Amino acid sequence: MDNHQFKAGAKAALPIVLGYLPVGMAFGVLARNAGLTTWEAGSMSLLIYAGASQFIAVEMISKGMVWFPIVLTTFFINLRHLLMSSTLSLYFNGNRIQTLGLLSAQLTDESFAVAMSNTSKIENRPGYLFGLQITSHIAWITGSVGGALFGGLIDHKSYGIPFALPALFICLLLLQIRKVHHFYIMVVAGIFSLFFKWALPGNWYIILTAFLASGVGIYISSKLKVEGIG
Amino acid sequence: MRHEILILILGMTLVTFLPRFFPMAFLTRWTLPERVKKGLEYFPISILSAIVFPILFFNGEGRMEIQSHYLLSAIPVFLFAWKVKSLWGSVILGMAIYWGLGFVF
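For the record, the sequence lines run as chains A and B. The numbering of the first sequence is our numbering, which starts it at 338 and goes up by one. The numbering of the second sequence is our numbering, which starts it at 6 and goes up by one.
Bear in mind the hints are in silico, worked out from the structure with no lab data behind them. Computed from a prediction, not measured in an experiment: that's the story for all the values here. Each hint should be verified, as a subset may be incorrect.
The calculated DSS-like cross-link candidates involving lysine-lysine, where the alpha carbons are at most 27 Å apart (straight line), are [to be verified]:
hint	chain 1	residue 1	chain 2	residue 2
1	B	Lys42	A	Lys560
2	B	Lys43	A	Lys562
3	A	Lys494	A	Lys400
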């Protein structure tokens with residue numbers, strides 16, 4: 338694996354680290370409050386590595402639920418990664434299965450979005466993506482274990498911490514907007530997502546929005562081509 | 006580690022890994038038709054929009070309710086990110102505004 342690419346990827350992960358450390362800490366604190374040990378909380382962050390579903394699992398554990406409904410919920414929450422994995426697959430044609438397994442195991446919303454912000458850097462460069470993802474993952478594990486061990490020391494609702502990841506996502510979204518029709522797709526997707534979140538349970542709104550807004554995007558771009566301004 | 010928690014963690018790991026792995030493992034072996042590629046091009050914008058907008062208009066319990074601190078922090082971050090395109094800057098600016106708002110109301 339290319340060392341230079343790896344370092345560049347690790348560097349690109351730093352804004353994610355800033356978000357993952359405090360949110361990981363919050364997870365560690367809540368996991369301890371729900372009766373999990375530090376070791377168990379750390380194992381979850383090491384093996385599962387999926388923020389939203391880890392928080393929900395902890396919530397369900399504290400309500401005394403057994404493993405099966407928690408695993409089922411996790412499955413549906415993380416189904417959205419199918420879409421991200423499909424998108425990433427465009428850039429790793431013909432790579433070895435072991436490489437793909439390693440890269441896909443560490444796929445998160447945040448690392449996906451950073452990877453997509455400049456696709457020329459990831460195209461057939463597993464080292465770059467690996468550097469980006471392993472750095473983010475280490476921050477998540479460090480935050481979780483730190484929170485589980487020293488939970489009470491920092492108020493994770495202060496210092497603007499709750500807004501760290503939303504701010505990251507907003508910037509990543511705007512980095513995707515390179516042409517006028519991208520802006521329209523954002524508006525359409527925003528409206529769809531609010532409607533579906535309001536109308537449907539769970540996080541189906543992400544999956545439905547992804548398909549419908551992409552469909553609208555294809556339609557708009559084909560219209561623009563016909564009129565010769567695409 | 007307790008037996009029940011071990012099963013839970015391994016189960017969650019498996020069902021999280023599979024949707025992450027399958028498209029990467031199989032789609033990289035095929036050449037996708039142009040139309041599908043075109044559609045995949047718009048997934049990132051759509052997914053990111055679907056993550057960002059509900060944060061501003063839904064509370065933690067999933068009920069629709071304007072999140073004034075989030076919304077007021079998001080507007081300047083939108084403008085900053087649009088003009089400056091800096092991830093670091095956006096995160097720091099957003100955190101600072103959000104933190105400041107906590108003192109105002």
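We went through each hint and held it up to the structure:
1. Restraint check: the Cα-Cα separation between B/Lys42 and A/Lys560 comes to about 17 Å, which is no more than 27 Å; the hinted pair holds.
2. As the CA atoms of B/Lys43 and A/Lys562 are separated by approximately 13 Å, the hinted pair is consistent with the 27 Å bound.
3. Between A/Lys494 and A/Lys400, the direct Cα distance comes to roughly 23 Å. Compliance with the 27 Å bound is thereby established for this hinted pair.
Violated hints for the displayed structure: none, as all numbered hints are satisfied.
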